[in-house]
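**Q** One letter stands for each residue in the lines below.
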Amino acid sequence: MNQSQPATAGIVDFLVERRGLEKAGIGFLVIATVIAFFEDSPLGKLSAAYLVAFMFFLSISLGAMFFVILQHLVGAQWSVAIRRIAEILMAPIGLLGVLSLPILVPLLLGSSYPYWWNNAVLRVDDYIVSKKTPYLEATFFVFRCMIYFGVWKIIASYFSRLSRLQDGGPRADLTEQMQRKSAPSMLCFAITVNFAAFDFLMSVDPHWFSSIFGVYYFAGCAVALFATLPIFLFIAQRSGRLGSEVTVEHYHDLGKLLFGFTAFWGYIAFSQYVLIWYANIPEETVWYGAREKGVWMGVSLLLIVGHFVLPFFGLMSRKVRRNRPALLGWACFLLLMHWIDLIWLVLPSVPGAKTGVGLVDLLCLLGLGGLWSASVLRESYAAHLIPIGDPALPKSIRFHAE
Amino acid sequence: MSDETKKEIRVVGVLAQFSGKQTLVKAASEVRSKGFKDVEAYSPFPIHGIDGALGIRPTILPWLVLIAGLGGGVLAMAGQWWTNTVDYPYIISGKPMFSLPANIPVTFEVMILSAASVAFTGMLALNRLPRFGQPLLRNNRFLRVTDDGFFLLVSDDEVAEEKIRQALEEAGATDIEVVTESVEESKIPVPLVYGAVILACFALIPPLMIASARGTTSQKPRLHTWFDMDFQPKLKTQTPSNLFADGRAMRPRIKGTVRRGGLVKDTDTGYTSIPAVGTPGGDSVQEWKVEFPMEVTDSMMDRGRQRFNIQCAVCHGKAGYGNGLATIRALELQQGTWIQPTSLHADHVRQQPVGQIFNSITNGVRKMPAYKDQITPEDRWAIVLYVKALQLSQNATLEDVPADMRETLKASE
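Just so you know, the sequences run in chain order A and B. Each residue of the first sequence is one higher than the last, beginning at 7 in this note's numbering. Each residue of the second sequence is one higher than the last, beginning at 163 in this note's numbering.
Calculated from the structure, these hints are not laboratory results. Note that CB positions come from ideal geometry on N, CA and C, so glycine has one too. Heads up, a few of these hints could be off.
What the hints assert, rightly or not - The list that follows gives simulated cross-link-like pairs (lysine-lysine, DSSO-like), each with its CA atoms no further than 30 angstroms apart:
hint, chain 1, residue 1, chain 2, residue 2
1, A, K262, B, K183
2, A, K325, B, K550
3, B, K550, A, K401
Stated by the list, open to error - Far from chain B, by Cβ distances over 10 angstroms, these chain A residues were calculated:
hint, residue
4, I41
5, L115
6, D173
7, G174
8, P190
9, V280
10, Y284
11, N286
12, M322
13, R324
Assemble the whole structure, with the sequences as input and the hints as a guide.
**A** Here it is as structure tokens:
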């Protein structure tokens, strides 16, 4: 591995040693808060924007967790060279647990933003909310979130700890051990992600329900990860921290997965829509109704075209997936669409945030982005960027070249 | 084997074995660089880089699959559009005739089906498969190709065999031999051809039977392959039933109840005045209304015609002569209980004031049942208006027609 070049050394020094990213992130969040207080509904606007940004970075880390567990589960060898980057991307899960406090603490204090089911008056007057009160209740909600983050933290720590233990020397027994633990981990992951999506995202509209919603958020997680992974690999290679161990074949395979999960997202999004559209039951259509009004209709159409149709045809060609600039372009575009998707899920249901997207949303994204990427960057200096001790690494590096 | 029975022999090519995949790839590009074009490689597993070494251009199969997928999608969408909006428009759960969400699943399935079919058949066709004989499989050495054998086959009719041998030797082949096949064997066996023709003839029978059935009429009831909902364990109206004590399938109204929307309103009367409650046959005299209780408009006439054609025409006929479809059918069946409805153009009906016709619809006359539960008072008045118009239409003179329309009426006669 190359040493950092002098040019990048200054940047790294600023970002890591002087905590530049953290400072910038907190700065953005403070500005977002200040700007929000000039809005009509400061709390509604700010809480919704924060939730969207929080779920955005959570989705990347959860996607990375899914990827790591999956590689161990199926005993994949092609991905060993890029697995460590995914392990690094799932590392901020602990930080995200802390970052959930700005959502959870106000809830315990009785705030009805962004979750209006917590409104003391409505939970008595509103028939549906009153019936759902045993589940949608602040203390129980916080309790569940603690379970989710607890499970995720355990999974993330376990797999990255054992993976780093292998760096000391090739130990096949650790690979086997991780494979054994990957099946129950995947099960726990599936259940917690499903319910976390219900709690964090679906409950912004407590009247509405969709049993496929957890899968929808998971599809977003996978798209986010397979878009983020090539970008981080590229940055690592460009800065000289990663050499030719990662080849065009790895990018190509990540491109295939990005293509596949883009189609999967479209499939799940349409499955959710068509059943509700066909049954035409008011208690279900109300959610889409809010997203077919005013500016949200435009966003809905944008998602169909931008999150599915364009990337589907754009990523279809092998040439595009093997062309790094083209692949990275689509990856950035899909990350943007994923953010818009989360905005579309949250904002139309939060009182005070229904008017549209604003500067506060962008600032919250930048703010949490600063904190999240600082955590990723710090983590990347804590270990090698490839699992040098994994017995399958030579095979992964040679990959298709042999 | 004597000379007479000796079959015609054709050289397939020169087969060379190599020790491993690297040497195979290397040999392939070497042999090709010497100008041999028809070089084919055989190995126990796919080898990366062999495509380039053999000079195989990227396959057009992905494009075929893309075209098939898009074509299938367009076809499916067009088919659904045509069946749902042109051929058999049918409203399903209040949705528009052509609505995209409902059509996506079928479109998706047809896209996948056509793409997959073309991928499968296209792959076979591009590889010139299936074949009736593979001469290489008669070569004992070649059988190792499914195990650990790596082979190159070079075919070139123009170049002498020796030259090919030499090129392969230089490329590092461990064994070289010429593979031949008999021309006879590469042809499709004759019995197979006959079998295929006979099968094709048999396959024609079902479509011919269907075609002949569609072209002819039959007095027999249709074959019930699937019963769908044609026979249901339910009681139909106007049929006897031994489920209830009175033997009727239909249940009479329970005393003291009113059907939802069945209450008689104050405006729901054909009289100008009604006797005061408690004074039967009292002071005020009942008289039929001679004027409509509301303003008569074109839209009321349209409504009346629509309601008349729905509610009245089945018995009274569309023109009101008492010859509706139900009447025709009942008289054909010679149902003794059926009484032909009165012609609305009979003199005594024509002389009835509007109030009396309204009353007939509301409360029924003789065998005609009351329609006050089925038709709202406003619609009943609209029907009365239309009946009046019908009566006028059948007994009008030329003077009744507006002056400017008379010429066109004469001309059309």
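**Q** Could you run down the list of hints and mark each one as holding or not?
**A** Evaluated hints:
| no. | hint | in the structure |
| --- | --- | --- |
| 1 | A/K262 - B/K183 | holds, 27 angstroms |
| 2 | A/K325 - B/K550 | violated, 78 angstroms |
| 3 | B/K550 - A/K401 | violated, 94 angstroms |
| 4 | I41 | holds, 39 angstroms |
| 5 | L115 | holds, 42 angstroms |
| 6 | D173 | holds, 29 angstroms |
| 7 | G174 | holds, 33 angstroms |
| 8 | P190 | holds, 34 angstroms |
| 9 | V280 | violated, 5 angstroms |
| 10 | Y284 | violated, 7 angstroms |
| 11 | N286 | violated, 7 angstroms |
| 12 | M322 | violated, 7 angstroms |
| 13 | R324 | violated, 8 angstroms |
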